[in-house]
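Number of protein chains: 2
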Amino acid sequence: MSDNCPMCRRWNDDAELHIEEQEHSYTILNRDQFFPGYTLLFTKQHVTELFHLDRAVRTELMEEVSRVAEALSGVFRPDKINYELLGNMVPHIHWHLVPRFSTESLWPRPIWAEAHIELLLSADQYRERISLIRQALR
Amino acid sequence: MSDNCPMCRRWNDDAELHIEEQEHSYTILNRDQFFPGYTLLFTKQHVTELFHLDRAVRTELMEEVSRVAEALSGVFRPDKINYELLGNMVPHIHWHLVPRFSTESLWPRPIWAEAHIELLLSADQYRERISLIRQALR
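Here the protein sequences come in this chain order: X and U.
Add 49 to a position in the first sequence, counting from 1, and you land on the number used in our numbering.
Add 49 to a position in the second sequence, counting from 1, and you land on the number used in our numbering.
Isolated chain X, as found in the complex (with noise of 0.2 Å):
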């Protein structure tokens, strides 16, 4: 735990979001959902590359990942998956795993190639695309 870093409490503080806990990471559906199926898997440890890791811990963390876009790319059919770590804002490591679709007026540019409006959901309709993502996780 790193005091003022928000990825080391939101797993707290977004308990309405959670997908799943593994061994070294959380999984959170993204709030905005804006691109359908948008998740953030994010380590337990603070931790800021990839190369801080113990070697161990790298390979595990990746399975966690490919773990997951795998069961995003179960529930939501899409055509890529995009993977990102990034960290600029918050050097905690957290990755964004997107489902894309080439159906998106975005397509095939990177989501941050444009600005839109966020995208929220109703409480029920949160529960049921974690449900999903759980289901395809099982």
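Think of the hints as simulated: they come from the structure by calculation, not from any bench.
Fair warning: there could be bad hints in the mix.
Just so you know, same-sequence chains aren't split out, so a pair can sit in one copy or run between any two.
[To be verified] With a straight-line cut-off of 25 Å between C-alpha atoms, the simulated DMTMM-like cross-links for lysine to aspartate or glutamate are:
no.: 1; residue 1: 93; residue 2: 113
no.: 2; residue 1: 93; residue 2: 119
no.: 3; residue 1: 93; residue 2: 173
no.: 4; residue 1: 93; residue 2: 128
no.: 5; residue 1: 93; residue 2: 163
no.: 6; residue 1: 93; residue 2: 112
no.: 7; residue 1: 93; residue 2: 109
no.: 8; residue 1: 93; residue 2: 72
no.: 9; residue 1: 93; residue 2: 153
Start from chain X and add chain U according to the hints.
This is chain U only, laid out in the frame that chain X set:
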């Protein structure tokens, strides 16, 4: 090899940008050096998603990614490395590994947030930059 995949041809096409061949990947300097040190790491195998790889290959590939990111960090001393696997346009695994600096006009936004004019280097400048990265990889 897949017909018509530019990434399958990239190692042959961009010989003057070669940094290194590893077991599962090729690494080249990105021709556009608007972001200093911007590097591409792509799989030898024509494959689209992380979860399409065998587990052992995925692990070794991510070690290759992490090793190159660490070398870039050592050479360029950025504030953060950005790791992006997109592939919407070219669905053959290629990692954008981008050193990012808090002194950039675009910081802390993703590299795609604003268009920019490509920064091309002279042949000597490419060689020099590549040589620094290769030394860090040793």
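Against the structure, the hints come out as follows:
In this assembly of identical chains, residue 93 and residue 113 lie within 25 Å of each other by CA distance both inside one copy and across copies; the values are 12 Å within and 23 Å between. For a Cα distance limit of 25 Å, the shortest separation of residue 93 from residue 119 qualifies both inside one copy, at 21 Å, and across copies, at 21 Å. For the homomeric pair residue 93 and residue 173, neither the shortest alpha-carbon distance inside one copy (27 Å) nor that between copies (44 Å) is at most 25 Å. Taking identical chains as interchangeable, the C-alpha atoms of residue 93 and residue 128 lie at most 25 Å apart only when they sit on different chains, with a minimum of 22 Å there against 30 Å within one chain.
For the identical chains of this complex, residue 93 and residue 163 are neighbours neither inside a copy (31 Å) nor across copies (32 Å), given an alpha-carbon limit of 25 Å. Taking the shortest alpha-carbon separations for residue 93 and residue 112, both the intra-copy value of 15 Å and the inter-copy value of 20 Å come in at or below 25 Å. With identical chains, the CA atoms of residue 93 and residue 109 are at most 25 Å apart both within one copy (13 Å) and between copies (23 Å). Taking the shortest alpha-carbon separations for residue 93 and residue 72, only the intra-copy value of 8 Å comes in at or below 25 Å, while the best inter-copy value is 31 Å.
Taking the closest pair of Cα atoms, residue 93 and residue 153 never come within 25 Å of each other, the shortest separation being 33 Å inside a single copy and 30 Å across copies.
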